[in-house]
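Chains as they are written, first to last, in the numbering used here: chain G, 1 to 417; chain D, 418 to 508.
Do not take every clue at face value.
Just so you have them, the derived chain G footprint on chain D, three or more residues with Cβ under 8 Å [to be verified]:
| # | segment |
| --- | --- |
| 1 | 446-460 |
| 2 | 463-469 |
| 3 | 490-498 |
These are calculated hints, taken from the structure and not from any lab test.
We put the beta carbon where it would ideally sit given N, CA and C, even for glycine.
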Amino acid sequence: MKNKYSIFSLIKNAFSQHENWKQAWGDPEPKREYEAIIIGGGGHGLATAYYLAKKHNMRNIAVLEKGWIGGGNTGRNTTIIRSNYLWDASAGLYDHALKIWENLSQELNYNIMFSQRGVMNLAHNLQDVRDLKRRTHANRLNGIDAVWLNTNQVKEFCPIINTSPDIRYPVLGGTLQRRAGTARHDAVAWGYARGADEMGVDIIQNCEVKGIKRNGDQVEGVETSKGFIKTKKIGVVAAGHSSVIANMAGLKLPLESKPLQALVSEPVKPIIDTVVMSNAVHAYVSQSDKGELVIGAGTDAYVSYTQRGSHDVVEGTLKAILELYPIFSRMKMLRQWGGIVDICPDASPIISKTNIKGLYFNCGWGTGGFKATPGSGDLFAHTIANDEPHKLNAAFNLNRFVSGDLVDEHGAAAVAH
Amino acid sequence: MFLINCPYCGKRDQSEFSCGGEAHIVRPKQPTELSDDQWAEYLFMRKNIKGVQFERWNHAHGCRKWFNMVRDTSNDKIHAVYKMGEKPPVE
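Please work from the sequences and hints to get the whole structure.
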């Protein structure tokens, strides 16, 4: 690595007041033609480019980003990583990602601050208890760590939770995945960008795709705000704007784009050392290394591309947070924002070829794509390079909406949406 | 968050309403004759437009009646509201 980060480089650069660090990735003008083009410079897109270059030796590729890298949902999520999904297909997909997360800082030579602090999912009624117990069994059959905790064990694991039996939705227990946790979301985008750039990938920011050129059933290139770029393979990783890009190619996708909100509090001393999610009352919370409480709210129930979200959604979430954690009642919220998430009817992602040759889609991650970033990039790169899916993403094809073979994780996963 | 002018009740807060998704998707007249592709198109495929979109809304915490709306999804601006069965306004 030409600019390897280590304790020695840190010391060396300290002598020059840290003013001589080399730029981590370049700012090239687009070439006239690439072997493949990735539309979308978020975590998933950059990871796709990284693995295309690294594992499939495709170096003459570009990532086109209309804003700045990691400025979309990669920089807007609540950074939760877990793999405790119910169905085999989902478990395989998300645990593949989790295994990559575990060594990603070393692999990228970039500290993504991956912290396996555990994710606990609470049960508030008898059906929750049945569903979550069933899920821990399914997880363990798939080799994914999961344990059931009763109310006392929940209290022991996270003492600030109100486990009193007389709250509106009492805590009846919960599941815990200890390998789960969080990572620094910006660092994930930056680490992949640096790794991809080093292998020769062009990362082109402020370059918006305006159209997709087709010759019959084969893609020929993309029309962008920086001119026409020729290519035979296009991987679209545009999250909330996937339908917009699909429309340019004359395709319709089974997606609806909705604002999903998150918010952070003022920073405080360490108070919660894990991630706690609750599906039934829709509240999840963790604490960032800066000390802010990171709180995930829900989606608005209508299509919108405004990165804002409604106030009543935040209000509902905070009500639930306050009932579960009375200790937070006097805290002030510092920032609130929204990201546009593309949701599939079965709440599972699409990593798939299309019926247009050379056009691939990686979308539909909905409210929980961050956790899959490395696995998604790896499997999408495989799909693009070989023009066929890896066995881990075969079930996540676009054709499942025609065949009816859905991966119905709505409510089946530990998702809080 | 925005105000919605319910054609039956007048202006109310958006949180009183629930959105029923894309409007004017007609249920197939001959369901038994549809191919899998046609079913997928009817059930799952959506325009998901960034811009002016036609939608169905329900005043769930009010008169509970359904109606249609023309809304710009890029800025949440509502252009028109009209009753079920009425012709969509031409832009």
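Outcome of the hint check:
For a cut-off of 8 Å, the count of residues in the segment 446-460 of chain D with a CB near a CB of chain G stands at 6, and the three-residue condition holds. Coverage of the segment 463-469 of chain D by chain G holds in this model, with 5 residues showing a Cβ closer than 8 Å to a Cβ of that chain against a need of three. Check on the segment 490-498 of chain D: 4 of its residues sit with their Cβ under 8 Å from a Cβ of chain G, so the three-residue criterion for coverage holds.
When the structure is compared with the earlier hints, no violation turns up for any of them.
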